[in-house]
Amino acid sequence: MDILNKVKNDRETEKQLGWEGTFAEYLDLVKENPTIAQTAHSRVYNMIKNAGVKEKDNHKMYQFFGTAIFGLESAIESLVEEYFHPAARRLDVRKRILLLMGPVSGGKSTIVSLLKRGLEQYSRTDEGAVYAIKNCPMHEDPLHLIPQHLREDFYEEYGIRIEGSLSPLNTMRLEKEYGGRIEDVKVQRIFFSEDKRVGIGTFSPSDPKSQDIADLTGSIDFSTIAEFGSESDPRAYRFDGELNKANRGMMEFQEILKSDEKFLWHLLSLTQEGNFKAGRFALISADELIIAHTNESEYKSFISNKKNEALHSRMIVMPIPYNLKVSEEERIYQKMIQESDIADVHVAPHALRAAAIFSILTRLKESKKQTVDVVKKMRLYDGESVEGYNQIDVEDLLNEYADEGMSGIDPRYVINRISSTIIRKEVPSINALDVLRSLKEGLNQHPSISKDDLDKYLNYISIARKEYDEIAKKEVQKAFVYSYEESAKTLMDNYLDNVEAYCNQNKLRDPLTGEEMNPDEKLMRSIEEQIGISENAKKGFREEILIRLSAYARKGKRFDYQSHERLREAIQKKLFADLKDVVKITTSSKTPNESQLKKINEVIARLIDEHGYNSVSANELLRYVGSLLNR
1 MDILNKVKND RETEKQLGWE GTFAEYLDLV KENPTIAQTA HSRVYNMIKN
51 AGVKEKDNHK MYQFFGTAIF GLESAIESLV EEYFHPAARR LDVRKRILLL
101 MGPVSGGKST IVSLLKRGLE QYSRTDEGAV YAIKNCPMHE DPLHLIPQHL
151 REDFYEEYGI RIEGSLSPLN TMRLEKEYGG RIEDVKVQRI FFSEDKRVGI
201 GTFSPSDPKS QDIADLTGSI DFSTIAEFGS ESDPRAYRFD GELNKANRGM
251 MEFQEILKSD EKFLWHLLSL TQEGNFKAGR FALISADELI IAHTNESEYK
301 SFISNKKNEA LHSRMIVMPI PYNLKVSEEE RIYQKMIQES DIADVHVAPH
351 ALRAAAIFSI LTRLKESKKQ TVDVVKKMRL YDGESVEGYN QIDVEDLLNE
401 YADEGMSGID PRYVINRISS TIIRKEVPSI NALDVLRSLK EGLNQHPSIS
451 KDDLDKYLNY ISIARKEYDE IAKKEVQKAF VYSYEESAKT LMDNYLDNVE
501 AYCNQNKLRD PLTGEEMNPD EKLMRSIEEQ IGISENAKKG FREEILIRLS
551 AYARKGKRFD YQSHERLREA IQKKLFADLK DVVKITTSSK TPNESQLKKI
601 NEVIARLIDE HGYNSVSANE LLRYVGSLLN R
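Heads up: the sequence shown runs through residues 1 to 631, numbered per our numbering.
One or more hints might be untrue.
To be verified - Straight-line distance between alpha carbons at most 25 Å, and here's what the computed DSS-like set of lysine-lysine pairs gives:
| # | residue 1 | residue 2 |
| --- | --- | --- |
| 1 | K599 | K474 |
| 2 | K489 | K474 |
| 3 | K376 | K574 |
| 4 | K573 | K466 |
| 5 | K456 | K54 |
| 6 | K300 | K376 |
| 7 | K489 | K555 |
| 8 | K300 | K473 |
| 9 | K258 | K300 |
| 10 | K489 | K335 |
As the list claims (entries may be wrong) - Derived CB-CB ranges, DEER-like:
| # | residue 1 | residue 2 | range |
| --- | --- | --- | --- |
| 11 | D609 | G556 | 44 to 52 Å |
| 12 | N305 | M172 | 38 to 46 Å |
| 13 | K451 | D373 | 19 to 27 Å |
| 14 | K507 | K466 | 44 to 52 Å |
| 15 | K451 | K368 | 23 to 31 Å |
| 16 | N135 | E400 | 53 to 61 Å |
| 17 | S113 | S230 | 15 to 23 Å |
| 18 | E77 | K300 | 56 to 64 Å |
Honestly, the hints are just simulated from the structure, not real lab data.
For clarity, every value in this text was computed on a predicted model and none was experimentally measured.
We put the beta carbon where it would ideally sit given N, CA and C, even for glycine.
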């Protein structure tokens with residue numbers, strides 16, 4: 001009954017939001033809140049902006065796209081700042097068709113779907129409220145009722161520019177139903193809905209021989225010609241094409257470059273002049289965002305044809321490449337799995353990361369800098385710290401190729417292979433090795449992979465496997481450390497005491513005997529060597545640590561092993577190095593003794609409780625790491 005109550009409440013809410021009044025009363029609303037008279041482009045921009053904007057690494061992060069689009073912050077920022085924002089300010093870009101161009105499964109359709117669903121919700125808010133002439137099939141803007149010669153006066157009084165002319169149907173209704181009294185014309189609040197064909201439309205081209213232009217612009221209703229006497233009577237016309245119904249909102253034009261020319265020229269007229277031709281009427285005004293999408297190969301074929309130059313010049317092309325960040329790619333897979341029927345299957349930790357590493361490597365181009373290989377590039381793009389490189393280097397790498405990310409393995413292929421793994425394995429758990437194996441097996445059947453790419457991709461599978469091996473070893477070693485955080489803290493405190501004494505040329509006091517003793521050089525070096533600090537560099541590194549320690553103390557903050565990234569890495573590696581032999585012996589023993597068995601059970605419990613494994617994947621991980629350590 002809960003869902004039925006929610007449906008009922010939703011229905012009641014929509015009733016409460018509803019409004020109906022005369023045009024005179026509508027003008028009072030406009031004077032009080034001018035944003036209700038905004039254009040379609042302005043409405044879309046404000047919807048995106050109102051959802052929230054964050055700054056990160058000198059880039060704007062639009063929260064509107066945050067729950068469904070991952071790793072495309074730069075492309076989204078360009079889309080909003082170079083198209084939606086200027087279009088909202090009535091600049092010339094709004095007179096262009098917005099074309100999203102990118103590889104398959106790259107997020108183009110998701111972006112369009114988000115905009116559609118977002119407009120539906122936004123039209124139910126005060127900020128996104130939309131009003132139209134009542135019973136108008138095109139949901140026409142009530143301000144079109146203001147005569148052309150009085151619009152300058154209207155602008156001076158209200159500060160709002162009116163674009164477009166009253167439609168033929170409403171021109172006739174104004175005379176016949178209202179006697180020309182625009183103040184009495186009925187106006188109502190409308191709510192965008194793709195299902196109900198209000199303010200949101202979708203056009204998909206089919207066979208040019210059978211598809212009629214009426215799908216876009218409406219058609220004559222022959223059953224009413226006898227009643228109204230003429231085909232030029234607007235009452236004998238169905239204003240039910242996608243351009244009619246999408247008025248005030250947006251229309252998605254699918255596979256636009258496959259469409260017949262007669263359809264595209266109507267779009268040009270609409271975007272450039274704000275009107276289109278339908279039936280035996282004057283030009284019909286419409287205010288809507290036209291958004292289309294295509295893949296790169298179709299786009300290249302389109303622009304190579306000289307016949308399409310006029311159309312091309314009236315498009316704003318926004319590249320939507322694949323995501324190039326491993327961590328964001330993982331989120332894409334997680335989202336796709338959650339939306340599928342395999343959501344109940346246990347996917348072991350790092351399995352999706354291994355797949356993401358492979359996918360990202362296939363999308364990267366070799367850097368022109370000889371010191372940067374694809375693995376370093378992958379890590380830098382994902383925000384990891386790589387010694388010798390900084391954020392400026394990342395920006396330089398991103399600017400090397402304009403088309404990086406426009407090719408490679410798509411997320412759907414990965415999910416298809418994961419699904420295949422689950423079905424074939426017939427167990428409620430899969431791990432990284434299962435996924436990588438399935439990805440490798442599927443490459444031979446992938447239709448768009450050349451022989452050269454195949455060899456390269458097989459190498460990337462091997463790299464992803466090596467990356468996972470390191471992750472797996474660290475995972476097990478971490479689980480073997482009893483109270484890992486406590487062990488790290490103890491080791492860190494010991495190291496800092498010795499560093500402080502070393503830098504200040506002081507002695508340390510033995511806590512048990514009270515004797516003075518020199519700083520423990522052996523301990524300090526055993527930690528520093530884990531991250532390649534040479535004998536010559538040790539003094540500088542220790543002084544850097546002491547400066548960081550003092551800075552934290554001045555600010556009243558606590559310095560711990562997470563406070564210095566390289567020192568944290570050194571502490572972890574030292575702990576793991578000390579434990580390696582224990583892990584090796586325990587995991588590889590075919591007949592573990594009671595002590596080893598107890599330790600294994602403790603580790604499995606920790607992997608399950610703290611690291612997200614189940615009993616099957618935890619045991620598989622232990623066996624695999626045992627075999628790695630014994631090689």
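Structure-based check of all given hints:
no.: 1; hint: K599 <-> K474; in the structure: 17 Å, holds
no.: 2; hint: K489 <-> K474; in the structure: 18 Å, holds
no.: 3; hint: K376 <-> K574; in the structure: 24 Å, holds
no.: 4; hint: K573 <-> K466; in the structure: 18 Å, holds
no.: 5; hint: K456 <-> K54; in the structure: 38 Å, violated
no.: 6; hint: K300 <-> K376; in the structure: 32 Å, violated
no.: 7; hint: K489 <-> K555; in the structure: 20 Å, holds
no.: 8; hint: K300 <-> K473; in the structure: 46 Å, violated
no.: 9; hint: K258 <-> K300; in the structure: 13 Å, holds
no.: 10; hint: K489 <-> K335; in the structure: 36 Å, violated
no.: 11; hint: D609 <-> G556: 44 to 52 Å; in the structure: 34 Å, violated
no.: 12; hint: N305 <-> M172: 38 to 46 Å; in the structure: 42 Å, holds
no.: 13; hint: K451 <-> D373: 19 to 27 Å; in the structure: 23 Å, holds
no.: 14; hint: K507 <-> K466: 44 to 52 Å; in the structure: 46 Å, holds
no.: 15; hint: K451 <-> K368: 23 to 31 Å; in the structure: 25 Å, holds
no.: 16; hint: N135 <-> E400: 53 to 61 Å; in the structure: 57 Å, holds
no.: 17; hint: S113 <-> S230: 15 to 23 Å; in the structure: 42 Å, violated
no.: 18; hint: E77 <-> K300: 56 to 64 Å; in the structure: 25 Å, violated
In summary, the numbered hints that this structure violates are 5, 6, 8, 10, 11, 17, 18.
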